[in-house]
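Residue numbering for the sequence shown follows our numbering, beginning at 1 and increasing consecutively.
These are computed hints drawn from the structure, not numbers from a lab.
Owing to the predicted nature of the structure, the values given are computational and were not obtained by experimental measurement.
One thing to keep in mind: the hints can contain errors.
[As the list claims (entries may be wrong)] Computed list of lysine to aspartate or glutamate pairs in EDC-like fashion (alpha-carbon distance at most 20 Å, straight line):
id : residue 1 : residue 2
1  : 175       : 145
2  : 256       : 292
3  : 256       : 215
4  : 256       : 296
5  : 256       : 239
6  : 175       : 219
7  : 175       : 197
8  : 256       : 318
9  : 175       : 215
[To be verified] Pairwise CB distance ranges (calculated):
id : residue 1 : residue 2 : range
10 : 322       : 63        : 51 to 59 Å
11 : 133       : 47        : 18 to 26 Å
12 : 64        : 295       : 32 to 40 Å
13 : 311       : 239       : 28 to 36 Å
14 : 217       : 141       : 25 to 33 Å
15 : 173       : 256       : 35 to 43 Å
16 : 287       : 63        : 29 to 37 Å
17 : 310       : 107       : 26 to 34 Å
Don't be surprised by glycine CBs; every beta carbon is placed ideally from N, CA and C.
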Amino acid sequence: MAGDRMSWARLLKWSLSYMDGARPSRDISEEERRWLAEAVERHMAEDVVGRLREIALLMRTPLSVLEAQGITPEDIEDLLAELQVHVESIDIANDLHSVGGLVPVIRYLRNTNARIRAKAADVVTTVVQNNPTSQQLVMEASGFEPLVSNFTSDPDLTARIKALGALSSLIRNNKPGVAAFRLANGYAGLRDALNTESARFQRKALSLTHHLLSESHSDCSVFAQLGFPRLMMRLVSSDDSGVREAALGGLLELAKDTTLGNRSLLAEQDRLRRLLWGRIQSIRMMAPEDLDAAREERQLVDSLWIACYHEPSTLHREGFVVLPGEESFEQPPDVAGRFFEPLRRAPLQRAPPSPDERSDPGNGTAGGIMLLLGPAPGNSE
Numbered sequence: 001m002a003g004d005r006m007s008w009a010r011l012l013k014w015s016l017s018y019m020d021g022a023r024p025s026r027d028i029s030e031e032e033r034r035w036l037a038e039a040v041e042r043h044m045a046e047d048v049v050g051r052l053r054e055i056a057l058l059m060r061t062p063l064s065v066l067e068a069q070g071i072t073p074e075d076i077e078d079l080l081a082e083l084q085v086h087v088e089s090i091d092i093a094n095d096l097h098s099v100g101g102l103v104p105v106i107r108y109l110r111n112t113n114a115r116i117r118a119k120a121a122d123v124v125t126t127v128v129q130n131n132p133t134s135q136q137l138v139m140e141a142s143g144f145e146p147l148v149s150n151f152t153s154d155p156d157l158t159a160r161i162k163a164l165g166a167l168s169s170l171i172r173n174n175k176p177g178v179a180a181f182r183l184a185n186g187y188a189g190l191r192d193a194l195n196t197e198s199a200r201f202q203r204k205a206l207s208l209t210h211h212l213l214s215e216s217h218s219d220c221s222v223f224a225q226l227g228f229p230r231l232m233m234r235l236v237s238s239d240d241s242g243v244r245e246a247a248l249g250g251l252l253e254l255a256k257d258t259t260l261g262n263r264s265l266l267a268e269q270d271r272l273r274r275l276l277w278g279r280i281q282s283i284r285m286m287a288p289e290d291l292d293a294a295r296e297e298r299q300l301v302d303s304l305w306i307a308c309y310h311e312p313s314t315l316h317r318e319g320f321v322v323l324p325g326e327e328s329f330e331q332p333p334d335v336a337g338r339f340f341e342p343l344r345r346a347p348l349q350r351a352p353p354s355p356d357e358r359s360d361p362g363n364g365t366a367g368g369i370m371l372l373l374g375p376a377p378g379n380s381e
């Protein structure tokens with residue numbers, strides 16, 4: 001310790017000499033540079049951990065005591081916002097429990113103030129994101145239960161959305177978390193989220209649904225029974241591009257599963273064909289800048305058409321799936337092409353439909369049979 005203090009003193013004197021405009025008495029050595037960098041990093045880490053302890057102490061203090069001291073709900077929100085910044089570091093996030101701060105954050109998930117519940121969910125999201133150690137700590141600290149409760153039944157929509165975001169981060173690549181989510185009827189909660197009018201809530205629910213489907217195709221039948229195919233088909237026509245893309249991605253994951261077989265799925269064949277045909281027509285009429293933004297949607301529509309009907313879509317045949325310049329991310333941007341793109345696309349947009357397209361796209365006679373998607377039992381529009 002004495003040596004550390006002496007080194008700090010020498011380095012401080014050396015750095016202060018620059019502030020006076022004079023050249024220091026000697027240059028700092030490479031070894032001292034490394035020591036200084038490590039010392040500063042260690043000092044900053046110790047300082048952050050000390051601040052974590054202070055925040056943890058405040059959060060453990062009863063609300064009545066805090067209120068008596070003039071602490072407002074807005075002050076608590078600010079405290080949680082500061083905490084969220086600190087725990088962006090995985091090491092600091094894992095220290096949160098050891099300094100006594102994780103349990104109070106989880107307790108705030110049950111706070112009577114909806115904004116505090118939402119902010120506490122934000123902190124949990126940051127703590128557990130890509131962090132198996134903290135995922136386990138949150139599960140062991142009973143953080144899963146209030147998150148599920150807020151996600152499924154919180155009267156405040158923002159708190160529900162934030163809780164879903166935290167749950168999504170908590171159970172990703174976390175088998176015990178996924179199992180707990182199933183047992184807590186979380187799939188039904190996702191279905192309810194898709195039935196809301198909030199595009200943000202729908203996007204988050206579709207993102208987690210897509211992840212669960214891609215991780216375990218054995219769940220496809222469960223999602224089908226809960227009516228997800230029909231909900232996703234409805235969302236394919238959403239005004240929100242993110243919702244459309246996420247819905248198409250979920251349908252594609254369902255279409256990849258061959259275990260669904262022929263069970264009652266022919267009933268949805270015509271409807272899906274009409275929906276996809278509608279998206280194809282919309283894409284064909286897009287302006288060049290909109291086509292650029294809809295790159296993922298174009299590819300998803302074509303992939304889903306191939307998966308369902310075993311042939312390329314019209315988008316593929318007309319060159320809309322991969323536009324010039326999109327073949328490789330390494331190519332330089334096509335500046336002049338934007339000026340000529342409308343002229344090049346005009347003949348395609350006015351081209352008459354092919355013979356198989358003149359027929360009703362919902363007649364189910366062309367291009368194979370859709371066998372992979374269908375309504376939930378007892379579900380009808």
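Right, here's what the structure says about each hint:
no., hint, result
1, 175 / 145, "16 Å, holds"
2, 256 / 292, "27 Å, violated"
3, 256 / 215, "12 Å, holds"
4, 256 / 296, "18 Å, holds"
5, 256 / 239, "26 Å, violated"
6, 175 / 219, "14 Å, holds"
7, 175 / 197, "31 Å, violated"
8, 256 / 318, "25 Å, violated"
9, 175 / 215, "10 Å, holds"
10, 322 / 63: 51 to 59 Å, "57 Å, holds"
11, 133 / 47: 18 to 26 Å, "22 Å, holds"
12, 64 / 295: 32 to 40 Å, "55 Å, violated"
13, 311 / 239: 28 to 36 Å, "29 Å, holds"
14, 217 / 141: 25 to 33 Å, "32 Å, holds"
15, 173 / 256: 35 to 43 Å, "20 Å, violated"
16, 287 / 63: 29 to 37 Å, "54 Å, violated"
17, 310 / 107: 26 to 34 Å, "54 Å, violated"
Comparing the model with each earlier hint shows violations of hints 2, 5, 7, 8, 12, 15, 16 and 17; every other hint is respected.
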